[in-house]
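Engineer: In order, the protein sequences belong to chains A and B. Under my numbering, the letters of the first sequence match residues 1 to 113, in that order. Under my numbering, the letters of the second sequence match residues 114 to 370, in that order.
Please note that the accuracy of each hint is not assured.
Said to hold, decoys possible - Rough simulated footprint, nothing fancy, chain B against chain A, three-plus residues with beta-carbon under 8 angstroms:
#1 26–32
#2 41–54
#3 71–77
#4 84–97
Simulated from the structure, these hints should not be mistaken for laboratory data. Glycine is no exception: its CB is placed at the ideal position from the N, C-alpha and C atoms.
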Amino acid sequence: MDDGGVWWVLLVGGLATYATRALGVVLSNRLDPDGAMFDWISAIAYALLAALVARMILLPVGVLEATGLAERIAALAAGVMVYFRTHRNVLAAVVAGLVTLAGLSALVGPEAM
Amino acid sequence: MAEETHDLAEPGPKDLSAGQAFWGGVQCGCGLPGVIMGASFLGFGSLVQSADHGLWVGLVSTATGWALPGQVVGIELHATGASLVTVGLAIFLANLRLLPLVLTLQPSLNQSCVHRWRHFVHAHLIAVTTWVISRRRFPELEPSARLPFFLGFGITLWHISLAGTAVGYALADLMPTPVTLGLVFLNPLYFSLLLIGDLVGRLRVLAIGLGAVTGPPLILMLGDWGLLLAGVAAGSLAVLLSRRPARTRASQAAGRG
């Protein structure tokens with residue numbers, strides 16, 4: 001079922017992924033955890049994650065493309081609201097978000113975006 | 114005999130032995146983070162199946178990559194027949210976001226004296242979920258308990274990811290669309306809530322806010338480069354802006370003088 005090519009992709013992909021982590025280990029030895037540089041990289045890490053999450057919600061790739069932007073934002077809003085109403089219960093918030101997305105998708109249908 | 118329980122004084126977080134910290138990490142991984150992780154990899158498993166690969170392709174990818182965006186890029190680019198150089202660069206780029214995570218978690222993991230080669234093993238377990246949860250839990254853990262907690266947590270999530278990949282592969286044709294939708298949405302929803310929970314302190318609020326605002330337009334324009342640019346630009350801007358009060362006070366003082 002598989003041609004040999006995919007194993008080369010896995011090998012190259014695994015090495016490329018590990019390279020980003022190994023680079024981090026090598027460079028981290030010169031990083032002072034109390035220094036300004038550390039704060040800066042930490043801020044970049046948080047900003048990157050926020051950008052990544054915003055992309056997943058606003059510009060999804062794959063199955064989620066079938067849902068409307070308004071539905072995804074409403075689901076996120078429901079999750080956030082429940083999160084703060086329940087004293088930061090992530091489980092309750094996640095369930096609320098999923099129920100909202102499923103409900104809205106069923107009501108609106110995938111075509112009406 | 115409820116009265117007897119007071120003899121079993123609950124160990125404070127500081128008294129955790131390495132073994133207790135490790136099991137604390139395992140338990141934490143078996144909770145909500147594990148559910149989210151498993152669900153995300155269910156999606157990857159079904160992607161591998163629908164691309165007509167064997168189960169081993171998915172399992173090896175999850176075991177060696179363990180960073181979902183790069184794994185998805187690999188499977189998708191292979192389907193388009195891209196060259197190995199293109200695939201390698203695209204995956205490296207998609208996963209460069211791991212670099213600042215490793216840089217900022219590594220120092221608190223390896224404070225105690227361990228062999229240097231082990232740092233390179235630990236780094237394989239650093240991913241978005243392990244980073245966010247570890248940073249949140251570390252302040253309440255004694256430095257010596259941090260690495261065992263991280264290992265228990267990371268190793269648990271790694272195994273759950275493998276199981277998720279296998280189950281997703283097996284169920285690829287059986288899962289109804291609403292379930293798949295929910296599974297895929299779980300990941301961004303959970304990460305959003307984690308980041309909202311981390312909105313503490315001026316620097317983090319600015320970094321997360323600016324990243325979320327600048328990310329999508331830059332990604333639309335520049336793809337994965339846009340993501341990296343958004344991270345570096347928003348992170349830098351956050352550092353500059355979070356220092357503004359001091360400067361404003363200084364300039365006000367200068368204005369008055």
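Engineer: Confirm or reject each hint.
Structural biologist: These are the hints, each one checked on the structure:
| no. | hint | result |
| --- | --- | --- |
| 1 | 26–32 | holds (count 3) |
| 2 | 41–54 | holds (count 14) |
| 3 | 71–77 | holds (count 3) |
| 4 | 84–97 | holds (count 6) |
Hint check: no violations occur; every hint is consistent with the structure.
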